[in-house]
Amino acid sequence: MSNDTSGIEKPTPNDWFSIPEHGENSNAETRLAELEGYITPSSRFFVRSHNPTPTIDAASWHLRLYGDGLAEPMELDYAALQAMRQTEITRAIECAGNARAFFAEHYGQQAGGAQWHTGAIGVARWAGVRLRDVLENAGVTAHACDVLPVGLDHKAFARPLPITKAMADDTLIALRMNGERLPADHGFPARLVVSGWLGAASIKWLGEIQVSTQPLHTHWNTRDYTLAGPAYPPQPPADGIPITVMPVMSVIELDWNAELSAGTRTIRGRAFSGEGRVARVEYAVNDDPWRNATLEEPNIAAAGVRWVFSWTADPGEHVVRIRATDENGHVQPETVPWNDHGCLYNAIIAHTVRVTG
1446 MSNDTSGIEK
1456 PTPNDWFSIP
1466 EHGENSNAET
1476 RLAELEGYIT
1486 PSSRFFVRSH
1496 NPTPTIDAAS
1506 WHLRLYGDGL
1516 AEPMELDYAA
1526 LQAMRQTEIT
1536 RAIECAGNAR
1546 AFFAEHYGQQ
1556 AGGAQWHTGA
1566 IGVARWAGVR
1576 LRDVLENAGV
1586 TAHACDVLPV
1596 GLDHKAFARP
1606 LPITKAMADD
1616 TLIALRMNGE
1626 RLPADHGFPA
1636 RLVVSGWLGA
1646 ASIKWLGEIQ
1656 VSTQPLHTHW
1666 NTRDYTLAGP
1676 AYPPQPPADG
1686 IPITVMPVMS
1696 VIELDWNAEL
1706 SAGTRTIRGR
1716 AFSGEGRVAR
1726 VEYAVNDDPW
1736 RNATLEEPNI
1746 AAAGVRWVFS
1756 WTADPGEHVV
1766 RIRATDENGH
1776 VQPETVPWND
1786 HGCLYNAIIA
1796 HTVRVTG
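For the sequence shown, the positions run 1446 to 1802 when the working numbering is used.
Simulated from the structure, these hints should not be mistaken for laboratory data.
Among the hints, erroneous ones may be present.
[Stated by the list, open to error] Mimicking SDA-like on lysine to any residue, the simulated pairs with C-alpha atoms at most 25 Å apart in a straight line are:
id, residue 1, residue 2
1, K1455, H1467
2, K1600, Q1554
3, K1455, A1587
[As the list claims (entries may be wrong)] For each label pair, taking beta carbons as the anchor points, the in silico distance ranges come out as:
id, residue 1, residue 2, range
4, N1737, A1478, 16 to 24 Å
5, P1660, T1757, 54 to 62 Å
6, S1755, E1520, 50 to 58 Å
7, Y1511, T1780, 40 to 48 Å
8, R1509, T1532, 21 to 29 Å
Just so you know, even glycine gets a beta-carbon here, dropped at the ideal spot from N, CA and C.
Model the full assembly from the supplied sequences, consistent with the hints where possible.
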């Protein structure tokens, strides 16, 4: 049986996806309990789109580059990008609203937006052209400040990057995902992959790139995808602090209110940090002390690591908690401050598991 996701092209069966409450029909959350292996298959990769997936013909598509931060405007077609030197990276993409549903659990009220649990994250092998190479071919100047990629969805989603991030070695214009042509729902014919940053920075269905000598602003870095609220001072023209790097986070590969049979069970999950490799993952069952989980290979910066531990599960209802620490010493907190847009919820989550006799 499939979910109601008419804005998405690929199948979204209930076995693989759940639909976040208050999400548009172009959003689908991966059921982590159904994943195997380090890489998330494209067919099971979560979908977060602000508009329905557009239909784009690669034969007539082109990428337009312009702005006062370039020596001259330039256009590239699909064949031209394919002919450039290709680079492959393994990176995670995570929605900044991942785990938003837990604001309601902690604060007693929902933060605005789709009520994701923890399945709005995936890891893939992305291949394409370094954005830096494209910008250098267009004659990016020393005075360039911001880069604004714009999507070809019907509302032209756009969010700027500072030139330093645009020129990073692992910021790609991706043409392939997991060894195959980009699927439509994930940005065909070309998308950005901005390593370690919120998913909204990795613009899908790329159509144009403006390079400016002045700071650029859109709705998506001034009125959304910001940390706004009592704990966060505004940074005008933004209503809060624009989100960039994703924090350290861990997820359990179990459904919510999972049911297991009693006995020795292997519990798996994933941990991720936008700022480096994961150094440690710990688990605690009920009121037991924290213990170290085993980290598996690979462990890739800005892509994450899988972890595992063995649990002798007795009948009854249990609470499992996980916390991750990255190589820079960032640790998942017990709580996070409220923010109006419900972003960056990376607090330790109590995961209820019912064990049957």
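Each hint tested on the structure:
no. : hint                      : verdict
1   : K1455 / H1467             : 21 Å, holds
2   : K1600 / Q1554             : 29 Å, violated
3   : K1455 / A1587             : 42 Å, violated
4   : N1737 / A1478: 16 to 24 Å : 23 Å, holds
5   : P1660 / T1757: 54 to 62 Å : 56 Å, holds
6   : S1755 / E1520: 50 to 58 Å : 56 Å, holds
7   : Y1511 / T1780: 40 to 48 Å : 45 Å, holds
8   : R1509 / T1532: 21 to 29 Å : 22 Å, holds
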